[in-house]
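**Student:** Following the hints, complete the assembly by docking chain F onto the known chain U.
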Amino acid sequence: MGNYRIFLFTVPALLVLGTFFLYPIGLSLQLSFTDFTGVGIPEYVGWKNYERIFTRSRYLDALGVTLAFTLVVVTVQTATGLFFAALLHRLPAVRDLCRAALFMPAMMSFVIVGYVWQFIYSPFEGGLNSLLAALGLASWQHSWIGDPDTALFALAFAHIWMFTGYTTAIFLAGYAAIPQEYDEAARLEGTSGWQRFRHIEVPLLAPSFTINIVLSTIGTLKTFELPFIMTRGGPDGATRTLSLHIIDSLFGDYRFGFASALSMVMLILVVVVALVQNRVLRAREERAR
Amino acid sequence: MRSPSTRCIAGTAALALCATTGIARAVTLEVTAWKGNDAEPAALPELIERFEAAHPDIAIDFSYISRTDTDIVLPPRLQAGNAPDVMMTDMPLVKVWGEAGLLAPLETGDWYERLDPAVKQAVTIDDQVHVMPLEIIGMGNFVNMGLLRAAGIDAPPTTIDELKTACTALADNGVKPMIFAGGFSAPLFAIANGLEHDPAAAPALGTEEVAFEDNQAFIDTLALFPQLVEAGCFDPEVQAGVDPWSTGLAEFKAGNFAMMPQGAWNIRDFSSVDGLDFVFAPIPSARDTGVALDLFGVGWSISSQSEHPEAAKAFVDFFTDETHLQALLEAESAYSPFVDGASGMAALAAPYDEARAAGGTILFPFGVLHWPKPLEAEIFDSMTGYLLDLDQDPSEVLSRWDEIVEDQY
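Chains U and F are the protein sequences, given in the same order.
Quick note: the first sequence uses our numbering, first residue 10, plus one each step.
Quick note: the second sequence uses our numbering, first residue 23, plus one each step.
So that you can see chain U by itself, here it is in the shape it has in the complex:
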């Protein structure tokens, strides 16, 4: 009997989990089978919302855009964060200052960042095109967020600029956990800086990789802010993510039932990707030990 009492301690956590996580998910699932408009009494419509999602190319295109955006952001942001962390680890005199400077964009509002980058990418005297002209590269001038071939990358760059400091901070915390003796021993063996980075630091940073990749993947899969502010999903759907479809369906179209169905699809996507990533990255951590 006494053994069961220990489970009583989990009750508060289970209550919070049930009330704030499981209940809303259950409610969304229920709403996804209705035509709820946000007010009034919803009517059951069966699988109609899901049928629409999987038979209309625009939603599958949005899924593709979301995955492509996530792949680019997570890969480049992790690599850039690692680069800056490795650099700052070797420059202790400016480490704190640079870490704060790199982290600053992450503290800014998405709205401000979106508008600033929108003007940087503007085809008319925008900052980037003006810079190219000043460098004698006027032929490279381009409508960066107006061309479907470059719009997603332009948004990804702004997103990476915003969150690289965050990734760098996590990697720097990982560096702090690497015992100094490993580095000293490697130096005595006559290893080069690249060899120490490749064979000692990268394997021992495995937990930081896991945290960075999982967090940025989940955050990026759900992203809608920069596409919403900078392009409204355009040009012609080139930057329309699943989250943006959800927002548009909810507010403006008043299709809460349909938006709930889209949310369920996105939830499944995020959970599957996060589980697979977590398993692969944890296995990598085990191998590094």
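Hint data in this document are derived by calculation from the structure and do not stem from the laboratory.
These numbers come from a predicted model, not from an experiment.
The reader is advised that the hints may include incorrect statements.
Stated by the list, open to error - Quick partial rundown of chain F residues pointing at chain U, CB under 10 Å, derived from the structure:
1) G123
2) D132
3) H392
4) P394
Backbone N, C-alpha and C fix where the C-beta goes; we use that ideal spot for every residue, glycine too.
**Tutor:** Just chain F now, kept in the frame of chain U:
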């Protein structure tokens, strides 16, 4: 004999009772709107003061809630039976909230009879009216007359031929002729010209009865785009990437472009720019006068849960009086929704006024629910896509609109 302190207490109690009775008689009416703040006052603070002076027993508790936040903040309050007494609404909100029984049917009195027939038809759903319209806002072509005159043109273009001539002259003069952003300006042009031939076709197009892809007027309108490009009006690939709500407005204000289809709500902002010599004209079309694309924007609705329906009715009725409404119209650069109503448009909108007077008015189909709201975003997307590849078959572009309409039924 009573002591002085007893008399004092009795007097204080009597005063308190009077005061309480006075407060109990006063009604506090909660009103929400997405106008009335510093950025877009719409004369509401002044009008609320006037209303309170005229109705000393009613106090107004006014809250500004942006249009976007209205979608987020008010539905939970409406569902919970805690809605504001009077709310600013537009037709998409009226449809959703009215169908759910959350808006009180308004008495169709004198003001209803005075409504513009097209607006009257739009606000009457199943013989009930849930919104008292406040204004009609024009959507037309902003024209920088300084740049046009420098190119040898003295009047804003109202026909397609005049538009092409103006574009060529401007381009030859080294001026970028037109902002034609796929996200708003190009759709305005397409809708105005598509419906100009037969404005009465709008309801049928929005309900699957008639397909856009088979509508010759819309096909011909999209076929005009390459001709405009040929005349030098715009670079389609650049315009596909222009944000009509930031970059587009900034470029026109800076005098970098000569024309831009947009809404009259920008007149106030543009007028504050020193040296910007502009007029607000109709959208060029096959019709000599051009098209005045009118948007039925906002109105007042009363919550069906209001505890003060009479006071709410008095507030709504206050705005049906033209002497009060005029202040709002002037602040908004808008037209009255009443047939006998005045205009709040500035003198620089005379070309647009002339098009309206000549019968060149078309009601924006989304403002009166002729077309489903989700179609708006698809039109913006598809126009952008079309600008990126003008070799597309117009019918195929329009079939995307039909797919969205089909999704609604």
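**Student:** Confirm or reject each hint.
**Tutor:** Consistency of the hints with the structure:
no.: 1; hint: G123; result: holds, 7 Å
no.: 2; hint: D132; result: violated, 31 Å
no.: 3; hint: H392; result: violated, 16 Å
no.: 4; hint: P394; result: holds, 8 Å
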